Amino acid sequence: VEEIEMMELSREGIRVNVKPGGNIVASGINDLRAKLKPVIDDGGREIIFDLEGVTMIDSIGLGLLIATHNSLAGVGGKLKIVNASKDLLDLFRNMRLDQHFEVSLAG
Amino acid sequence: LIRLPHSKKMLEEKNMGNTDDEILRMFIEESREHLADIENDLLVIEEGGADIDDDLVNKVFRAAHSLKGGAGFFHLVNIKDLAHKIENVLDMIRSRELVPNPEVINILLIAFDKLKELVNNVTESNNIDISEFIVSLTGLSSSYLPKEEKESIKKTLDIRLNGKTVMKVPEFDIAHARKRGDYIYIVQYDLIHDVQRVGKTPLDIIRNMLETGTILECLVDISAVGTLEDEPSNQIPFYVLFATIIEPDIIGSLFELDQERIQVFSGDGKTQKQPEVTGGSTMSVNTMEPIFSQHSVIVPEDNVPAHAGSERGKPQQQAGTSIQHQKAPAQQGASSGPPDASLRVNVHLLDSLMNLAGELVLSRNQLLEAVSHNDRRALRASGQRINLVTSELQEAIMLTRMQPIGNIFNKFPRVVRDLTKDLGKEVRLEMDGKEVELDKTIVEGLSDPLTHLVRNAVDHGIETQEVRVKAGKDPTGTIRLKAYHEAGQVNIEIQDEGAGIDPGKIAATAVSRGLISHDQVKAMSDKERIALILLPGLSTAEKVTDLSGRGVGMDVVKTNLDKLGGQVDIESDMGRGTRFKIKLPLTLAIIPSLLVSVNGERFAVPQVNVDELIRVAASQVDERIEKVGDAQVLILRGKLIPIVRLADCMGIQRTFEDPISGEKRPDRRVQAAGRRSRKAPLFEDPSRLPEEEKKDGRPDGNERRSGPDRRYHANSDLSIVVVTAGAFQYGLVVEALHDNIEIVVKPLGRHLKHLKQYAGATIMGDGRVALILDVAGLAQVIGLSSLAGSSRAVELGKKAQQEKSQDIHSFLLFRNGPDEQCAVPLDLVERVEQVKASAIEQVGGRRVMRYRGESMPLLALKDVAMVQDLPDQDDLIVIVFNLSGKAIGLLATPPVDTIETRTAMDESTLKQKGIMGSCIIDNRTTLIVDIFDLIESLHPGWFKGRDRRDLKKNNSHAILLAEDSDFFRSQVKRFLEEGGNNVIAAEDGAAAWNLLQEKGDEVKLVVTDVEMPNLDGYGLARNIKGNERFSHLPVIALTSLAGDEDLAKGKAAGFDEYLIKLDKEKLQETVSVFFQHSHERK
Chain E
4 VEEIEMMELS REGIRVNVKP GGNIVASGIN DLRAKLKPVI DDGGREIIFD LEGVTMIDSI
64 GLGLLIATHN SLAGVGGKLK IVNASKDLLD LFRNMRLDQH FEVSLAG
Chain Y
362 LIRLPHSKKM LEEKNMGNTD DEILRMFIEE SREHLADIEN DLLVIEEGGA DIDDDLVNKV
422 FRAAHSLKGG AGFFHLVNIK DLAHKIENVL DMIRSRELVP NPEVINILLI AFDKLKELVN
482 NVTESNNIDI SEFIVSLTGL SSSYLPKEEK ESIKKTLDIR LNGKTVMKVP EFDIAHARKR
542 GDYIYIVQYD LIHDVQRVGK TPLDIIRNML ETGTILECLV DISAVGTLED EPSNQIPFYV
602 LFATIIEPDI IGSLFELDQE RIQVFSGDGK TQKQPEVTGG STMSVNTMEP IFSQHSVIVP
662 EDNVPAHAGS ERGKPQQQAG TSIQHQKAPA QQGASSGPPD ASLRVNVHLL DSLMNLAGEL
722 VLSRNQLLEA VSHNDRRALR ASGQRINLVT SELQEAIMLT RMQPIGNIFN KFPRVVRDLT
782 KDLGKEVRLE MDGKEVELDK TIVEGLSDPL THLVRNAVDH GIETQEVRVK AGKDPTGTIR
842 LKAYHEAGQV NIEIQDEGAG IDPGKIAATA VSRGLISHDQ VKAMSDKERI ALILLPGLST
902 AEKVTDLSGR GVGMDVVKTN LDKLGGQVDI ESDMGRGTRF KIKLPLTLAI IPSLLVSVNG
962 ERFAVPQVNV DELIRVAASQ VDERIEKVGD AQVLILRGKL IPIVRLADCM GIQRTFEDPI
1022 SGEKRPDRRV QAAGRRSRKA PLFEDPSRLP EEEKKDGRPD GNERRSGPDR RYHANSDLSI
1082 VVVTAGAFQY GLVVEALHDN IEIVVKPLGR HLKHLKQYAG ATIMGDGRVA LILDVAGLAQ
1142 VIGLSSLAGS SRAVELGKKA QQEKSQDIHS FLLFRNGPDE QCAVPLDLVE RVEQVKASAI
1202 EQVGGRRVMR YRGESMPLLA LKDVAMVQDL PDQDDLIVIV FNLSGKAIGL LATPPVDTIE
1262 TRTAMDESTL KQKGIMGSCI IDNRTTLIVD IFDLIESLHP GWFKGRDRRD LKKNNSHAIL
1322 LAEDSDFFRS QVKRFLEEGG NNVIAAEDGA AAWNLLQEKG DEVKLVVTDV EMPNLDGYGL
1382 ARNIKGNERF SHLPVIALTS LAGDEDLAKG KAAGFDEYLI KLDKEKLQET VSVFFQHSHE
1442 RK
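Chains as they are written, first to last, in my numbering: chain E, 4 to 110; chain Y, 362 to 1443.
Keep in mind that a hint or two might mislead.
Stated by the list, open to error - Calculated lysine-lysine pairs in the BS3-like style (CA-CA distance at most 27 Å, straight line):
no., chain 1, residue 1, chain 2, residue 2
1, Y, Lys795, Y, Lys477
2, Y, Lys883, Y, Lys843
3, E, Lys83, Y, Lys1274
4, Y, Lys772, Y, Lys801
5, Y, Lys795, Y, Lys420
6, Y, Lys561, E, Lys22
7, Y, Lys888, Y, Lys834
8, E, Lys38, E, Lys81
9, E, Lys81, Y, Lys529
10, Y, Lys843, Y, Lys782
11, Y, Lys529, E, Lys83
12, Y, Lys1274, Y, Lys1223
13, Y, Lys477, Y, Lys782
14, E, Lys89, Y, Lys888
15, Y, Lys924, Y, Lys801
In case anyone wonders, no lab produced these hints; they're calculated from the structure. Computed from a predicted structure; not experimentally measured.
All chains, full assembly: derive it from the sequences and hints.
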């Protein structure tokens, strides 16, 4: 829970910035999921995950990102991941997930 | 072939929890083996250019590939990455996308070098920076990436799973992987069950895979995840098409997945269930046990050291076969620390060893049986049998240590290539006899010296192309490396057909460096002059290239070879080339040696060091043995060979056999003759000794010599072993010579290790221990040296250099004022007394104190010189001098100290009355007190009375003194004058020579320093001895140089006596002896 307590969520029109501020792992997923759902319902179409401060994403976390992607894809929106650490970028690339959503490196 | 079972074994052992260290060690060993030949293979590839030898490229490729696989397994990221990049480039070469031109090969060579470094440094490898290499390799592959690849990427293969296509993969990738010899698997993960539930993250599994292989393609089944609306999915399928060298039967343990989730991709778009491996992996461990046999080349039975007798000359035959010895890890638990701590041995050799061990056991049983029955015949039989088995066993075991010299030779093509590239020369390297085998230790020790010699041949030997063309030679130079057996030894030749070595140049350099003298050079043959390059500190390259000046010099080559018991012979033909011939023993563990003894104590001298044995009959001692300075030399075919008594070196009581009674008696003679003796007092017929000793205790050598020789007896002959330590020969005088035997070298214990004179010890047949002499070490210990006595020559050279500018001064340090450090030459000081200020009396305006029942006048520096007052304190010291027979004291303050210093004296700045000058001692300016001046100022006439008296006595004696240092000149002058002589002083040899011309008739003796400007002592002596008018004058050299070389050189120049600076008594005594002689002569 602790990890996602620092989450920041800001919105400008259809663009939503999400900054979990901590690792995206099983323990905080339900909270995050609960916060993301209404964002899309409210018309958010471009969700930008800022991974600053995120060092780890577990399978459940990955599942959440994919689910977000899937939800957005259903309404013509898209998911973007920015500020990924080198390790995480490699992860997305090696799993070919970067073919589904845009991932960019920190800095 | 090799890598698969090993990788498998590694994996299994890892999973079975075996020590990682052991597997890591195997990996390192295996990697080294893979890397061993790469260099030469790459060079051959380079030579072939566009004409690519697939097999060869594949071989190199596989090496890189298996390194990559293993490294990944151990998380050696850098090794893995580097190997991977290398692999890419090689792959392009193989697919003819890249022509292996010199640049490409260069990058590969350097990269492999780095890889080697990483492998040799496994624990550190992850911290070593390899980015530079990665960049250049990546640059290579990307710049050459052709369109072809893009085309082949277009062709894709469908990967179908459970009837539906899950992935499309470029055919190219699959083909690639197969070419590498990889297996391709389709792995189905569920990121929730297989990853999350077992406490892992996706990153963990990705990393795991990347470390052991390549992810060709993968897919996360995102449709299975659902949306945010759906319930969080409880499965995230992840399919991976994975290429790796890991075999199907153990792949499961890598992924920690059920076998059924891993399928082998057959390549036709379908997959097959992974074949059930019978018994699973545990079973295969058991079947793996004879790993050796899997990749051991079969050596024909008859080539293995056979049962038959142990004929000599066998090594060649075996050498031929044993390169094929395919190797298996040795059983010793040697640590992975130092390189090559373990050894691979042919299985057949092990078998035959086992066989022999069995025989030995049988023989032992026989022996025990024979002993218990006291059966002499059976004893003899088993003795013979054990003898036979032992020598076979010895030979077989030695074979296990034998390594082909090719191990070293193989790196030379690269060395030569790199060097020639840098130097812009063309050199062809021919190698012969790679299969010749030597003991492992020797092979290892040879690497550095041989490399140096090869580098030298390229760098200094072979000329540049222009020069060669001008000289009418083939522009491409040839260097030949050759190894062959000869007379139970291995010879290695390094021959270049370059410019040759100029003996004159070498000699001139040696002289200019002060290593030898002109006279010595004159007496040398060209070959001896060339051998001078083995002296330390002698480089003939006019300009030192960065290639040559890399640390090891020729002297190191020599030292290294000495250590291996090797000998170097250099032949050089100006304009035609040079040949270095190195002779080496096959092994160091067992060496043929000569046994000698001194007073019943036996020593072994390695046969390689023995040049000849000489018996000097007692009647010939006079003619054959001469004394040069303090050294004895044997005259052998016109050469002077220094000789020493082994007993003296070892501190053993010498004995001789009394020729009459036949009993052993101690020989008590130690240098009985005076220093002047030109004869050899040490080597007199000892049989004369007892009576002589009775007669006058300490007989004078000269006298006795003059009489006719009396009795000779065979027992008083001298047995001399002429030994050679590198290029330097000397004679060891021993009491008895014994057998030549093969001895087993045992290292000395820790407490004796530091004794350089011994190479080890051995146990003799009778169970006693004999020490093995280290001939070179012994020479060093007893201070024997010659031209080639490397370290000593350097030492002397350096010393001589220093001595030129500075002499040694011995001083007594004291204080005048509290911070006024003063010094007075120590030779003058008689003693130092502590005195209370109250004990000093003032009588008649003079200070005196009572000293040995007399009133001794006391001086203070302040009386004459502008210095501080003595502090007003009770504790003072008095430095007592005894000059002209009377004691006189100098008042001073503590602390006092004595010091030997080489600091140059400043004879001007602080010079004043009573002060000779100053110098820096212990970082303090120190005033040097001129005690004579001081006394003369205060007590004029102190020296006069005596002078007058002495002058009368030695009226006709004038001594010509040549000395450049003012300090020493005034000191020596005083000493001589004190002895009642007239002294004519000159400040160098040239001035002395002029003075001699002027006042030649007065001069009766010449005392000269050796190192002087304008004309040195040698020159002066030569002038004097070469001039009819003066040749009768005795010349005494006075110097702080007193090595054997100096003595020899001085003798050649004509010094009658050589005295060490600065021994007052000795000087005075010697001078008076010479005067007496000249009187007697008259």
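Practice item. Output the numbers, in ascending order, of every earlier hint that fails for this structure. Key: Of the numbered hints, 2, 3 and 14 do not hold.
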